[in-house]
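Chemist: Knowing the structure of chain A, use the given hints to seat chain B on it.
Number of protein chains: 2
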Amino acid sequence: QEQAKRGKLYMAYSVVVKWILALLIGIGTALAAVFINISVENFAGWKYSLTFNIIQKSYFAGFLVYMFINLALVLSSVYIITQFAPAAAGSGIPEIKGIDTHGILLFRTLVGKIFGSIGSVGGGLALGKEGPLVHIGACIASLLGQGGSTKYHLRSRWLQIFTSERDRRDLVTGVAAAFRAPVGGVLFALEEVTSWWRSQLMWRVFFTSAIVAVVVRTAMGWCKSGKCGHFGSGVFACILTKILFSGQEDYSFQELLPMAVIGVIGGLLGALFNQLTFYIAHWRRNYLHKRGNRVKVIEVCIVSVITSVISFGLPLFKTCTPCPEADANSGIECPRRPGMYGNYVNFYCGNKEYNDLATIFFNTQDDAIRNLFSAKTIHEFSAQSLLTFLVMFYSLAVITFGTAVPAGQFVPGIMIGSTYGRLVGMFVVSFYQKLNIEEGTYALLGAASFLGGSMRMTVSLCVIMVEITNNLKFLPLIMLVLLISKAVGDAFNEGLYEEQARLRGIPLLESRPKYQMRTMTAKEACGHQQVVYFPRVVKVVDVLSILRSNNHNGFPVIDHTRSGETLSKVDFQHSPLPFNSRDGPVPIRHNLTEFVKPVSSKGLSIDDIHLTPDDLEMYIDLAPFLNPSPYVVPEDMSLTKVYNLFRQLGLRHILVVPRASRVVGMITRKDLLIEDNEDTAAVELQSTSVRDH
Amino acid sequence: QEQAKRGKLYMAYSVVVKWILALLIGIGTALAAVFINISVENFAGWKYSLTFNIIQKSYFAGFLVYMFINLALVLSSVYIITQFAPAAAGSGIPEIKGIDTHGILLFRTLVGKIFGSIGSVGGGLALGKEGPLVHIGACIASLLGQGGSTKYHLRSRWLQIFTSERDRRDLVTGVAAAFRAPVGGVLFALEEVTSWWRSQLMWRVFFTSAIVAVVVRTAMGWCKSGKCGHFGSGVFACILTKILFSGQEDYSFQELLPMAVIGVIGGLLGALFNQLTFYIAHWRRNYLHKRGNRVKVIEVCIVSVITSVISFGLPLFKTCTPCPEADANSGIECPRRPGMYGNYVNFYCGNKEYNDLATIFFNTQDDAIRNLFSAKTIHEFSAQSLLTFLVMFYSLAVITFGTAVPAGQFVPGIMIGSTYGRLVGMFVVSFYQKLNIEEGTYALLGAASFLGGSMRMTVSLCVIMVEITNNLKFLPLIMLVLLISKAVGDAFNEGLYEEQARLRGIPLLESRPKYQMRTMTAKEACGHQQVVYFPRVVKVVDVLSILRSNNHNGFPVIDHTRSGETLSKVDFQHSPLPFNSRDGPVPIRHNLTEFVKPVSSKGLSIDDIHLTPDDLEMYIDLAPFLNPSPYVVPEDMSLTKVYNLFRQLGLRHILVVPRASRVVGMITRKDLLIEDNEDTAAVELQSTSVRDH
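Taken in order, these protein sequences are the chains called A and B.
Residues 1 to 693 in the working numbering are what the first sequence lists, from first letter to last.
Residues 694 to 1386 in the working numbering are what the second sequence lists, from first letter to last.
Careful, some of the hints might be misleading.
As the list claims (entries may be wrong) - Pairs of lysine-lysine residues, derived as PhoX-like cross-links and limited to a Cα-Cα distance of at most 20 Å, are as follows:
| hint | chain 1 | residue 1 | chain 2 | residue 2 |
| --- | --- | --- | --- | --- |
| 1 | B | Lys1207 | A | Lys473 |
| 2 | A | Lys514 | B | Lys701 |
| 3 | B | Lys1363 | A | Lys523 |
| 4 | B | Lys1207 | A | Lys8 |
Treat the hints as calculated values from the structure; they're not laboratory data.
With the rest of the complex left out, here is chain A:
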């Protein structure tokens, strides 16, 4: 009775804390997203308007200014990353997918990621801010969970539950913030990150991502009144919605063939992208980045200069195009007014003329995407310009990926995809002249196909695209394109995140076990390694030597008591030892919170611990740190089943025990239906026969 009451109170308490945390995580991520957006928009807007002003007098001076502003922004980003937060480089999604990565959820990583993203995206590199936003969401969730853990005096078991939830929810908030797509965010987390899932968690995740969407929306409303500089009209998802919603109303069966072609192109280019980035990253890792931070900085600077030269120089070689007949209804000005967003960038052209290459190249990426997606602008771009841009930007994206700056792949992927999508759309327009076709629709499908071919996401990508365009009619088309591009891509290699995780040695489990596992047993998977046991009370020096000689952190512990041997497990995942090296003298008995805490602090490695010889000779009682009932599998269990256990339960290690020759009992579902004491009526009801229906 007493216990049940305590249980209910505890449950209520933990539920409230979890909801509050979900709320705070949502608000925090949304604010970070808004901050990054405002900063990038302002830096970029200021950069372009300054450049435009200067090129009225001198192209060369304009180019120099443009290049140096880019260089300065990128330099600030790479400096932050190399000096301050090395774990903040890259997109962060592969690292979060793997559970074991160190230092990925630190506060310094969060700060580095935010400011690094501003620099790298504002500096015009061929990368996006969406991947980093996902990582930022993860960091915020992790840090808030940590803060909560000490502040509210939560018990350690509760914290464990929460810890395992944490790195799931977070991602969602990032995606939701990046695209303002709450449902897509939830599905993204579901599809990309988690191998296990609980329905009550989904509801909280959904709540968090809706909070993000609401906060971002509110901030945007506030910015529209002009309080955030250039930001007001600069948020990707929102404008896109309005443009595309006035796009193509319906589609006909003849269009399915060119759409399938887009899918195939997406699969091929996506697989090629994954392969190229894999090789380049491998080369970089083994030859370039070993030489230290200076090389990394120089590399990024070279990439920045190349990007500036191409994006400024190429439009110069393009002849100007006369503006199309003005259409009063479309509301699109040509050329656009200086300092504004929109289609038809003037660049060096005269009055009533525009430069189509500059419209996509000499522009922020959000703007370029909006222009590529735009409806009612048939023949805005020439095929030659689009092809030039495709080749150049693809190459830039490949060499930029893997440099030491925060780099998302969503926006570059959308850019590449929408470029060839629009190219295909142009051919379709000239081929089926009677139909009501918008090139913007094809650009959207192209974007979906490239992301599908590269990242191999499916459901979540569909839903994100639908949420971006706010139009359910395109769902079957997007799905068709994704089906094809994913199938084509899968024929060549794995998804971008999986390739990168593999490169970094992050152990990601694929969603399905390998075929040969069917004939293998658990024992075979263990290999021939010697099993290292710990006794319950152990010498510190033994712990250290064992940890040094093994590359995993979980060990079986056998305790010899009067009632026989008890098997349990100790996990040094979060901290190599239950003491903190910086505190000087080693407290042998530590309270549990401090042991559990270092999840997202520095992530102590064994080598950081320096103990006096006296300390080393002391004994430590592992009892408070033991997992008393670890998951075990019998040695003859099929490896496929073991694999599913890892995936479904999100395990790190599992103990293999000898097969049992005796059964103590059997648990069925009905044995688990324990009723609360007060529900005696219900128990009585339940005893009526099952099948007399």
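Modeler: Positioned in the frame of chain A, the structure of chain B alone reads:
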């Protein structure tokens, strides 16, 4: 090498078959949905136009015709159910949620459900067709999976994989068909049905539900050209979309309070609904339905007559309302033309008048919902009429639930919810007169709140509502309302499906383990029952006697071989014995397909088997039916962990073995990263250090 090749071929083959099945399931479910919709719309349309014609001459004759048509339809439904397919009664969702229910996926259940739904929905009872559609999807998926299994000579292990997938996907297609909400359908399956999930499955499920949406859409387009009688304008989701999209554009902070009130009302009324239906169903089960089918038929007929009397009689007592000032832009006629759909039903009123109670009561439910949700019709309904309708319809829904006809709870829930939602909306309109408020928006929120308070679904309900209205702006509002209504409802009792499943003794595991499980071990949950072993070779008579004396179907099998004892498990879930009673002579050795097949055939129970004494003395070798590596847990494992194993892996039974005192080995995630032979380059890469990043 050879094995890897075979494995790849096999994988490719099974993938292709699965996709084809997904396609067929989608098409089948969509066609069933379209058939039911067309039939119901035509029956109901014909019924109402006939009645309207007759009441021009005599109200009494009109009432008699109305009542007898309803009675005939309902009678056909209950006759089909009681005589032909008893498992098709009710909504089917609680049965599908529980894995163990017998006879729920038969072909006769499918047929009974389709025709029973047409009768019960066409007959005007207070129930819906959405729940049955979910069940129909499940049946179609199950039957197609079966057909595939024998036709394509699939191996049994493959079939097993597919079997476990099957009853997940299906549901989705039903929801997708019911609401044309593919994303919501996927999330519904995720939230309501499955305790375990795999991401590649999600993609296929999504594909199936998109197929459903496309097929239904195509059929609707075909029907709009007038080829399906009344059907053309009668599909719920489609019209709703158009109406609501022109609804309220934005919302202000003052409106959050009345919206919260809607949430509270929804929680209270939903919990009350669950409690009332639980008691009534309990009473029915124990007293009424035990007396045989005749009582069931009489019961349904009485309910039908009461429904007819109330829905025809009450509007007669309501005075007519003059039509509002015509608004040319709204396009809503008042009164609507006879035989058409729309607001402002004339009933017995004169020209330029309408009867507001008849508009919601004397109408098909789809139409009534459309009228309740409709925007730009402020003051169409009087508060008195809405209140009358709410009380009456709520009572009707409670007594109708649990009768022996197919009965969904979605549509009645939406009706009840939108009624009080619109009531609250009316007060808000008169209170905040300046704001641009549409009563239809409040009706939508009310519907969400009642469904949330009764079914306790969250994410999927949100998404379904958003997909119905095709407007993402309402997402935060719907979420707020659902949060409140679910929390309020949870304070009183469990969700509708859980209550019903509990009543029928279906063992559903809640999403979270009970608190007291934390201190219990696996051994305690087994209770004191004696463990029954099977040897590998066993006498038939022993099998039968053991099966009769136990109420579960899984048993440990111990085989004494030279290398010691081997523990495995045999599961008589699908068929009590590996032979078929109807075949006359008992084939002791049966091939595997026939053993596995009876999943969705009649579902043989032990009592159906009649064996000769000779047969009983024969021995049977269980070897082909064994599960050689069953999941086991040590006796001292915490029950919380056991619970999670059941949930995450979707287990039926688990064996409890003595705790191990020795560890054979340890498997980490990296041990599971077995590379294909050709990927030697990748393996080499992987061996580079993890942390030199």
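Chemist: Has the given pair, Lys1207/B with Lys8/A, been kept, meaning a C-alpha gap of at most 20 Å?
Modeler: At roughly 10 Å apart (the allowed maximum being 20 Å), Lys8/A and Lys1207/B satisfy the hint.
Chemist: Take a quick look at whether Lys1363/B and Lys523/A sit within 20 Å of each other, Cα to Cα.
Modeler: 15 Å, holds
Chemist: Run the distance test for Lys1207/B versus Lys473/A: straight-line Cα separation, threshold 20 Å.
Modeler: 44 Å, violated
Chemist: For Lys514/A and Lys701/B, compute the direct alpha-carbon distance and say whether it is at most 20 Å.
Modeler: 10 Å, holds
Hint compliance for this structure: hint 1 alone is broken.
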